[in-house]
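Protein chains: 2
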Amino acid sequence: MKNLQKLFNPKSIAIVGASPKNEKLGYILARNILSGGWRGKLYYVNPKYSRNKSAYLANLNEIRKPVDLVLVVIPAPFVNQAIEEATLARPKIENFVVISAGFKEIGKEGQKLEEGLENIAKKHKLNILGPNCLGFINPSQKLNATFTQPQFKKNGFGQASGKFKPGKIAIVSQSGALAVALLDWTQNLSVGFSKVISIGNKAALDECDILNFLAADKKTEAVALYLEDIKDGQKFAETAGKIASQKPLIVIKAGKNRAGQKAISSHTGSLAQDEGILEAIFEKLNIVEAKTIEEFQNLILYLNADKIPAKKEIIILTNAGGPGVLASDFIGNSKSLKLLKIPSGMKVELKKYLPGSASVENPIDIIGDAAPERYKNTLKIISRKFAANPLLVILTPQSQTDPENVARILKAYKRKFPAFAAVFMGGAKVKTAAESLRQNGIANFENPEEALSAIEKLAKYNLQKKKAGFIFRQKDIQLKLKTNAIIQSVIQEKRKMLFWSETEKIFKSYGIRLANSISFENLSGINLKKITYPRVLKTDDPKIIHRWDKKAVFLGIQNEKGFRHAFQKIKKTTGAGKFLAQPMAKPGLGMIVGLKRDWSFGPVIVVGWGGTYTEIFKDRVILVPPLTADEIKNQLQKLKIFPILSGFRGEKKYNLDEIAKIVLALQEIVAENPDVDQIDINPVLLYNNGSKYQILDAKIYF
Amino acid sequence: MKNLQKLFNPKSIAIVGASPKNEKLGYILARNILSGGWRGKLYYVNPKYSRNKSAYLANLNEIRKPVDLVLVVIPAPFVNQAIEEATLARPKIENFVVISAGFKEIGKEGQKLEEGLENIAKKHKLNILGPNCLGFINPSQKLNATFTQPQFKKNGFGQASGKFKPGKIAIVSQSGALAVALLDWTQNLSVGFSKVISIGNKAALDECDILNFLAADKKTEAVALYLEDIKDGQKFAETAGKIASQKPLIVIKAGKNRAGQKAISSHTGSLAQDEGILEAIFEKLNIVEAKTIEEFQNLILYLNADKIPAKKEIIILTNAGGPGVLASDFIGNSKSLKLLKIPSGMKVELKKYLPGSASVENPIDIIGDAAPERYKNTLKIISRKFAANPLLVILTPQSQTDPENVARILKAYKRKFPAFAAVFMGGAKVKTAAESLRQNGIANFENPEEALSAIEKLAKYNLQKKKAGFIFRQKDIQLKLKTNAIIQSVIQEKRKMLFWSETEKIFKSYGIRLANSISFENLSGINLKKITYPRVLKTDDPKIIHRWDKKAVFLGIQNEKGFRHAFQKIKKTTGAGKFLAQPMAKPGLGMIVGLKRDWSFGPVIVVGWGGTYTEIFKDRVILVPPLTADEIKNQLQKLKIFPILSGFRGEKKYNLDEIAKIVLALQEIVAENPDVDQIDINPVLLYNNGSKYQILDAKIYF
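Sequence order for the protein chains is A and B. Mapped onto my numbering, the consecutive letters of the first sequence carry residue numbers 248 to 949. Mapped onto my numbering, the consecutive letters of the second sequence carry residue numbers 248 to 949.
Worth double-checking, as some hints may not be accurate.
In this list, chains with the same sequence are indistinguishable; a pair is considered to hold if it fits within one copy or across any two.
[To be verified] Simulated crosslink set (SDA-like; lysine to any residue; CA at most 25 Å straight-line):
hint	residue 1	residue 2
1	K825	S756
2	K389	W285
3	K410	Q647
4	K410	S646
5	K865	K900
6	K899	Y860
7	K790	E740
8	K494	A635
9	K797	E898
10	K797	K900
11	K798	G937
What the hints contain is simulated information worked out from the structure, not anything from laboratory work. What you are looking at is a predicted structure, and each value in this text was computed from that prediction instead of being measured.
All chains should be modelled from the sequences, with the hints used to inform the complete structure.
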């Protein structure tokens with residue numbers, strides 16, 4: 248793990264590319280650092296202005312004192328050389344932020360420069376943030392090492408100083424522009440942050456290095472991360488899982504079509520598409536996923552002001568019926584939130600203070616003509632018993648409402664309710680009140696749905712918190728020699744898929760039983776007299792993937808004559824050289840169980856409804872190893888056909904332990920056989936009459 | 248249709264309950280009317296203050312001139328009497344707005360008063376808006392007949408006068424509080440409106456009367472409607488369909504669990520739940536449905552400034568990569584929008600003005616350091632060819648950006664692009680620019696997703712516009728005597744379901760053929776020698792609904808012995824008195840086709856995938872009569888199993904005309920047989936080998 252303490256908390260900074268011209272980034276950077284209030288030693292490096300004992304130095308080597316951080320803003324083609332030279336400085340310089348653009352993002356030439364930069368970082372063990380980034384901000388150090396700055400007061404908007412407000416959320420962004428917009432947005436809403444870090448092209452330091460740093464950062468209580476690509480899924484999962492077990496990690500992932508996909512040939516492949524995998528991984532790691540910028544912002548807004556909701560029973564207090572109904576509708580559809588049932592004793596108490604037409608059911612509706620006193624009395628009563636529950640206070644500005652006084656009352660109750668949000672709906676009439684809520688650290692949303700969506704996601708996070716989420720780690724692979732020997736011999740033959748008999752051996756050593764079958768190449772290689780009927784004949788030829796489409800399967804063969812006929816027919820149509828004869832299985836519930844190695848995150852296992860309609864309904868759940876039997880059975884509840892598995896309309900239920908056992912075996916196979924890339928079991932027939940499962944088809948690819 | 252011209256454009260108004268005390272609604276109303284700038288004759292009615300030649304009258308009858316509108320703000324128990332008295336005034340008073348609360352919303356006592364009010368309206372043919380409403384605003388008449396008022400200037404916020412801004416959108420709200428919040432919100436954003444109408448409890452005038460008025464109102468180009476309940480689905484559909492064919496009708500429907508539901512006993516019932524029906528009806532009528540308050544507001548924001556997008560190919564121009572990616576992600580998932588492909592000639596032209604690292608693909612990314620000039624040049628080039636396409640301009644405030652000058656440039660191009668929206672992301676730095684966009688009539692959104700969601704919904708609306716949407720009308724029913732005779736005799740027997748033989752006769756007269764079956768009551772009533780095997784035996788007893796669960800079906804009976812055994816077994820287990828013997832059908836694709844009368848909207852038809860998994864996957868489409876064969880076949884494309892219907896993996900396709908024919912027959916049956924309440928056809932087996940469909944089970948309920 249890299250030590251980034253000095254990089255983000257430097258006592259001395261050098262700007263390579265500093266400039267006295269106020270349109271240059273080298274000037275803007277220095278101005279921002281100075282006006283932000285940082286108190287450290289600042290060096291300006293620019294050979295152009297270094298003559299005549301000016302404040303400018305020609306080279307970093309001239310500084311004979313420690314330089315904790317170098318900010319680089321010279322044109323891209325000169326960056327690598329400058330950093331290489333800097334490694335000669337004594338004491339050694341270890342931390343760089345390359346703000347300069349003109350790297351990977353401009354095409355081939357830039358790509359080359361960026362590879363050079365990456366190599367320099369590795370060779371000299373340097374921490375380099377960027378290139379093509381905004382820099383970073385550390386408000387607790389009053390350090391603004393970016394080329395953006397708070398808006399100074401103008402037309403009544405903006406701040407009096409160049410300082411950003413300290414807070415408890417760290418913002419990490421792969422888009423500099425988005426970071427600029429978010430920063431500007433936080434200013435308007437009195438939202439502070441612990442760090443803002445723009446990671447740019449991630450040539451050396453990536454999101455994982457930054458997350459590792461923030462996991463240990465005491466000032467950071469939550470992290471909000473904008474990502475366009477995940478460089479190394481395994482590394483990301485390890486870091487993200489760790490941080491999410493300590494503090495909420497909010498991620499918005501843009502760019503839904505990830506590159507690097509292998510062509511999809513197997514059923515498992517088509518069932519486990521990218522977006523689904525990412526969602527499953529995020530869920531496993533307890534990452535709070537924001538689907539839109541607005542959700543991202545609302546989560547930040549809430550966490551800036553509140554604790555994570557400790558309970559799922561929410562209380563809603565409103566002076567407006569309509570918005571109350573909309574809030575109820577939202578909660579009615581939510582899995583992680585529900586409306587607290589107000590106890591009857593409390594209802595009696597509430598009725599004392601409220602008019603007859605008010606509703607003391609939740610949402611508590613103190614109706615349109617509510618003066619501030621009604622809010623106060625209600626909050627007082629609720630707070631006695633339910634201060635630990637999430638609370639949402641809704642207001643619309645009727646003529647009797649007095650939003651500013653209600654805001655004052657909320658301020659007094661903010662201490663009592665750790666998870667407390669407001670929705671003051673409107674515009675001009677609620678502006679001053681909303682401003683006062685913000686200044687008193689109360690999160691105020693524009694409408695009930697936005698507030699509830701943030702609360703819901705954090706309530707869900709809370710359910711899993713403390714349980715460190717992690718996924719299967721490629722580096723933990725332990726080679727199993729016996730099965731590996733089979734696979735290696737197949738690889739030498741340049742096959743990409745195992746024959747049935749080979750698959751059978753491997754599965755057997757992991758406790759999976761395939762349907763009783765006879766493998767043979769021609770009719771003389773099989774004892775036809777010993778075969779029972781009805782029977783199935785199909786090819787076992789790796790070249791024929793969709794056997795059904797290729798007419799390479801015959802079902803319900805009744806006798807030897809039919810068997811011979813089927814054999815000749817398949818041989819003639821497909822030219823296959825390998826065959827498989829199976830007894831006809833009794834009809835059962837056909838399931839598919841498959842494994843796929845995601846190119847970035849590693850293995851995922853898919854369980855779904857099998858048969859003809861597999862790819863039509865895509866009824867499947869993506870399971871992320873490592874898995875326990877309980878976790879597998881739990882996840883199976885997400886299947887649409889779960890009601891059938893658990894006994895539909897008085898039918899007997901199926902044995903979920905059987906599926907769990909197969910899934911556990913697959914995760915062992917993948918952990919001990921690094922060459923295995925995909926496994927397709929389709930179908931495995933399940934029975935609810937006590938019969939054991941039947942696997943009719945199974946393929947291992949690599 | 249009611250004439251509401253005078254109600255909403257009065258030349259004379261009387262306030263019943265006017266008051267000199269400034270905390271009373273009667274005072275606030277008068278103040279709002281006067282400060283709003285309305286120039287008509289205003290009468291104050293209140294017997295308490297009518298002595299000594301004051302401005303107050305004791306009674307409406309004292310006014311011997313025309314009173315176009317009466318606003319009632321006296322306590323609820325006195326309202327009905329006051330209106331009854333007012334009917335004695337000459338010239339006749341016809342229009343009332345009852346602002347007073349204390350009716351249906353407070354329980355039984357209020358309900359009684361409200362029924363009285365409704366009766367008075369009917370008896371005297373009066374137009375009464377409310378009760379329990381906010382009143383209405385007509386900005387073009389400078390008339391604010393509500394007890395809310397614009398925020399006056401204070402701390403720099405609000406307006407200089409009591410006038411609301413005129414605009415082209417009408418807001419209709421069943422929640423007064425929500426109307427207040429919306430009005431206040433519009434002020435902050437320079438959004439105007441043609442009318443704001445609060446409909447309250449809808450005792451006499453309901454949403455349909457108001458929509459009818461707004462359909463003809465030339466000042467109104469779009470209607471935004473907040474609804475909690477739909478009083479009469481048939482009437483609503485007729486009105487809404489008419490208005491939507493002329494101007495966009497945006498509806499947000501709160502309160503998802505509608506009352507009045509019949510118990511669900513049939514398959515069709517469970518497949519056609521309320522929310523699904525509402526969605527299907529809205530789609531049929533081309534209503535633009537907003538799912539959240541935010542969507543509702545964003546649609547208003549867009550329509551306030553723009554024309555409905557005439558094309559689905561959108562152009563996105565951005566100085567920020569991240570938000571551009573998020574916009575692409577959104578459009579990638581959209582059915583109604585796509586990214587315009589920039590022609591190569593235009594790309595060459597754009598490249599002349601843009602730096603090398605800019606992207607001339609759509610989204611056009613003019614990158615982070617873009618000065619206003621770059622926006623200008625790009626817009627100039629695009630406008631030559633694509634001014635008719637929707638355009639979205641994204642900006643984040645980097646140090647080089649100058650949002651205010653970009654806003655100035657956008658102002659100049661606003662005329663050229665009729666569907667033009669901006670997303671200036673941030674807070675303090677974009678505040679002045681955003682303000683200037685608003686004042687120049689450019690819709691500015693907080694993030695790309697919100698803007699695109701509004702544009703998408705309106706682009707979808709545009710595709711269906713002009714085509715008047717309407718649904719089946721109960722009042723158009725024409726009794727078919729022949730089938731009705733069968734039904735009437737069954738009703739006399741107090742049965743709720745037809746026997747197979749009766750269903751067969753009715754279906755036959757509409758061209759639907761049931762599977763060849765023999766109905767009988769005991770073995771002596773059937774010629775056992777003439778029966779072919781394999782055969783199915785089941786009950787035809789209305790008491791046994793889920794035959795399969797009750798073990799009232801035997802499949803694959805091979806001979807007479809088996810037939811007798813099955814008969815005795817079913818008789819013993821179920822006590823059934825009616826039986827049905829059918830030949831075993833060849834396996835086919837099992838579908839369900841059903842009909843259900845929604846208690847409010849009338850009949851809907853459901854087509855879905857049948858069999859064991861029907862209720863598990865709920866793969867169905869809800870069709871709203873009247874339907875044509877083409878419309879039915881079009882809608883079937885929404886089924887998940889549509890790929891199978893249309894030929895999956897080289898299989899032959901199924902004959903969709905057969906399903907269309909059955910659906911068309913059902914809609915005829917329901918139109919000609921008012922007692923038919925539900926029809927279940929489950930399964931109808933379809934074949935893709937040229938065989939005709941087989942209906943194995945069909946039930947008619949009433």
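Hint check:
1. Within a single copy, K825 and S756 get their C-alpha atoms as close as 23 Å, which meets the 25 Å cut-off; across copies the closest is 57 Å, which misses it.
2. Proximity of K389 to W285 under the C-alpha cut-off of 25 Å is restricted to the intra-copy arrangement: shortest distance 5 Å within a copy versus 56 Å between copies.
3. For the homomeric pair K410 and Q647, the shortest alpha-carbon distance between copies (20 Å) is at most 25 Å, but the shortest distance inside one copy (39 Å) is not.
4. In this assembly of identical chains, the alpha carbons of K410 and S646 lie at most 25 Å apart only when taken from different copies (16 Å versus 39 Å within one copy).
5. For the identical chains of this complex, K865 and K900 are neighbours both inside a copy (22 Å) and across copies (21 Å), given an alpha-carbon limit of 25 Å.
6. For the homomeric pair K899 and Y860, the shortest alpha-carbon distances inside one copy (23 Å) and between copies (16 Å) are both at most 25 Å.
7. Taking the shortest Cα distances, K790 and E740 sit within 25 Å of each other inside one copy (14 Å), while across copies they are farther apart (67 Å).
8. Proximity of K494 to A635 under the C-alpha cut-off of 25 Å is restricted to the intra-copy arrangement: shortest distance 19 Å within a copy versus 49 Å between copies.
9. In this homomeric assembly, K797 and E898 come within 25 Å of each other (Cα to Cα) only across copies, at 12 Å, whereas the closest approach inside a single copy is 36 Å.
10. When the C-alpha separation of K797 and K900 is checked against a cutoff of 25 Å, the pair qualifies only between copies, where the shortest distance is 18 Å, while the shortest distance within a copy is 35 Å.
11. Taking identical chains as interchangeable, the C-alpha atoms of K798 and G937 lie at most 25 Å apart only when they sit on different chains, with a minimum of 21 Å there against 33 Å within one chain.
Consistency with the previously given hints is maintained throughout, with no hint failing.
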